[in-house]
Amino acid sequence: LGSNPQVTSNLPADQQDALHKEVASQLTQGLATQAPQQGGIGGLLQSLQNAATSGSPVTGAIEGGLISSLANKFGLPPSVTGAIAGALPGLLQKFAHKANDPNDQSITPDSISKSISNLNTGSVPNLNTGSLSNLTNQN
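In case it helps, our numbering puts the sequence shown at residues 995 to 1133.
Hints were generated in silico from the structure; no laboratory data involved. Please read these numbers as outputs of a predicted model, since none were measured by experiment. Where is the CB? At the ideal position from N, CA and C, for every residue including glycine. Careful, some of the hints might be misleading.
[Stated by the list, open to error] Pairs of lysine-lysine, PhoX-like flavour, derived with a Cα cap of 20 angstroms: (1) Lys1088 / Lys1015; (2) Lys1067 / Lys1015; (3) Lys1015 / Lys1108.
[As the list claims (entries may be wrong)] Now the in silico label distances, taken between C-beta atoms and shown as ranges: (4) Gln1009 / Gly1059: 18 to 26 angstroms; (5) Pro1071 / Asp1104: 33 to 41 angstroms; (6) His1091 / Ala1055: 13 to 21 angstroms; (7) Asp1095 / Ala1055: 29 to 37 angstroms; (8) Asn1094 / Pro1051: 34 to 42 angstroms; (9) Gly1037 / Gly1084: 34 to 42 angstroms; (10) Asp1104 / Gln1031: 16 to 24 angstroms; (11) Pro1030 / Asp1095: 19 to 27 angstroms; (12) Lys1108 / Lys1015: 38 to 46 angstroms.
Take these sequences, add in the hints, and give me the full structure.
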């Protein structure tokens, strides 16, 4: 997202970090909501890897909450939220790939499960939001 000119030109530099953190937070909450509907973390990661295009039910469900939150919190115009929505399927695929990569321990199925459990009990999420923010900075 940080390299997308529609996003960077419409968002002050001092808000870019907050945007990336909000994306990470919304993705974590969206994953927590979708995991039970996909048969758990394994099913969710499989669905995300197959979400090559927007229109996937999982991507669509996460996208709705994310775009609404970004528009409300940052006052982003539709051109920017549209660019973010367009990047979301690729971002989620990268996330799923990282989670399934045995050589990359920055995000694991176990850490996702713990994060979701913490969300469901009202605790602070435990998911490595730095890794999620790094993914958003690459798009």
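Each hint, compared with the structure:
This hinted pair checks out: Lys1088 and Lys1015 have alpha carbons roughly 17 angstroms apart, not beyond 20 angstroms. At most 20 angstroms may separate the alpha-carbon atoms for a hinted pair to count; Lys1067 and Lys1015 meet this at roughly 12 angstroms. A hinted pair counts as satisfied when its Cα atoms are at most 20 angstroms apart, and Lys1015 with Lys1108 qualifies at roughly 19 angstroms. Checked against the hint of 18 to 26 angstroms, the C-beta distance between Gln1009 and Gly1059 comes to roughly 19 angstroms, which is consistent with it.
Between Pro1071 and Asp1104 the Cβ separation comes to about 39 angstroms, which falls inside the hinted range of 33 to 41 angstroms. At about 20 angstroms, the CB distance of His1091 to Ala1055 agrees with the hint of 13 to 21 angstroms. The hint said 29 to 37 angstroms for the Cβ distance between Asp1095 and Ala1055, and at roughly 24 angstroms that hint is violated. For the hinted restraint 34 to 42 angstroms between Asn1094 and Pro1051, the CB-CB distance of approximately 20 angstroms leaves it violated.
Here the CB-CB span from Gly1037 to Gly1084 is close to 20 angstroms, at odds with the stated 34 to 42 angstroms. At roughly 20 angstroms, the beta carbons of Asp1104 and Gln1031 sit within the given window of 16 to 24 angstroms. Roughly 24 angstroms separates the CB atoms of Pro1030 and Asp1095, a value that falls within the hinted 19 to 27 angstroms. For Lys1108 and Lys1015, the Cβ-Cβ distance of about 19 angstroms falls outside the hinted range of 38 to 46 angstroms, so the restraint is violated.
Checked against the numbered hints above, the structure violates hints 7, 8, 9 and 12; every other hint is satisfied.
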